[in-house]
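**Q** Work out the full structure: start from the sequences and follow the hints.
Protein sequence lines, in the order shown, are assigned to chains D and G.
According to the numbering used here, the first sequence is numbered sequentially starting from 1.
According to the numbering used here, the second sequence is numbered sequentially starting from 1.
Heads up, a few of these hints could be off.
Here are some chain G residues pointing at chain D (derived, C-beta under 10 Å) [what the hints assert, rightly or not]:
1) A2
2) Q6
3) Y35
4) Q37
5) G40
6) R48
7) E52
8) F65
9) L91
10) A93
11) Q105
12) F106
13) F107
14) G108
15) P109
16) R112
These aren't lab readings, by the way, just hints derived from the structure by calculation.
Only a predicted model underlies this, so the values are computations on that prediction, with no experimental measurement involved.
Beta carbons: idealized from backbone N, C-alpha and C, even for Gly.
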Amino acid sequence: AQSVTQLGSHVSVSEGALVLLRCNYSSSVPPYLFWYVQYPNQGLQLLLKYTSAATLVKGINGFEAEFKKSETSFHLTKPSAHMSDAAEYFCAVRNQGGKLIFGQGTELSVKP
Amino acid sequence: EAGVVQSPRYKIIEKKQPVAFWCNPISGHNTLYWYRQNLGQGPELLIRYENEEAVDDSQLPKDRFSAERLKGVDSTLKIQPAELGDSAVYLCASSLPSGSSYNEQFFGPGTRLTVL
Numbered sequence: 001a002q003s004v005t006q007l008g009s010h011v012s013v014s015e016g017a018l019v020l021l022r023c024n025y026s027s028s029v030p031p032y033l034f035w036y037v038q039y040p041n042q043g044l045q046l047l048l049k050y051t052s053a054a055t056l057v058k059g060i061n062g063f064e065a066e067f068k069k070s071e072t073s074f075h076l077t078k079p080s081a082h083m084s085d086a087a088e089y090f091c092a093v094r095n096q097g098g099k100l101i102f103g104q105g106t107e108l109s110v111k112p
Numbered sequence: 001e002a003g004v005v006q007s008p009r010y011k012i013i014e015k016k017q018p019v020a021f022w023c024n025p026i027s028g029h030n031t032l033y034w035y036r037q038n039l040g041q042g043p044e045l046l047i048r049y050e051n052e053e054a055v056d057d058s059q060l061p062k063d064r065f066s067a068e069r070l071k072g073v074d075s076t077l078k079i080q081p082a083e084l085g086d087s088a089v090y091l092c093a094s095s096l097p098s099g100s101s102y103n104e105q106f107f108g109p110g111t112r113l114t115v116l
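**A** See the structure below:
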């Protein structure tokens with residue numbers, strides 16, 4: 001069965017600093033992997049997805065993620081954090097039945 | 001183009017009362033999902049519809065939860081009777097038919113349910 005684990009329920013960075021949100025997955029088949037962002041009182045918005053093409057995936061708002069099969073990881077990064085990046089971030093894997101399995105989420109805080 | 005619409009946005013009820021949530025998906029999206037998101041956790045799928053057919057309801061607590069999508073467009077999720085543990089955000093999402101390739105799921109803003 002597929003699953004994802006997000007390391008760190010809360011990450012705090014200074015404005016302009018590197019953002020790194022960690023996600024490790026478990027899958028018996030080549031996975032489809034996703035990162036979603038959720039702003040307060042809003043639904044989830046897709047940031048980026050990996051579907052077995054390029055291992056480095058670029059998404060919206062300057063985010064990118066790298067699929068590393070050897071490490072079973074799909075960490076999300078952004079070179080320079082903005083205050084507007086403060087939100088909850090969810091990593092997800094799609095199982096063979098087409099269902100999205102979400103991680104617990106990581107809350108990102110950005111300090112001025 | 002309008003996104004996924006959900007109502008109400010917030011609902012407070014006492015335990016043992018019934019409650020219903022409504023979702024209008026993006027036009028042309030045949031697939032509709034209902035998720036429950038408990039505080040501090042990721043969403044968990046309750047039920048998935050392809051048109052008016054529920055194709056995955058394995059995680060729906062059928063003793064108190066029901067859902068319908070009569071004309072393959074709007075959907076209603078009902079809880080009767082509600083329990084304290086049902087307090088959560090209920091998210092609706094829609095996509096083009098899932099098939100064998102991924103089609104992006106678009107999420108609504110959710111309904112935050114508080115059961116007192």
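**Q** Could you run down the list of hints and mark each one as holding or not?
**A** Quick rundown of the hints versus the structure:
no., hint, in the structure
1, A2, "violated, 13 Å"
2, Q6, "holds, 8 Å"
3, Y35, "holds, 9 Å"
4, Q37, "holds, 9 Å"
5, G40, "holds, 7 Å"
6, R48, "holds, 7 Å"
7, E52, "violated, 18 Å"
8, F65, "violated, 17 Å"
9, L91, "holds, 6 Å"
10, A93, "holds, 8 Å"
11, Q105, "holds, 7 Å"
12, F106, "holds, 8 Å"
13, F107, "holds, 3 Å"
14, G108, "holds, 5 Å"
15, P109, "holds, 5 Å"
16, R112, "holds, 8 Å"
Of the numbered hints listed earlier, those contradicted by the structure are 1, 7, 8.
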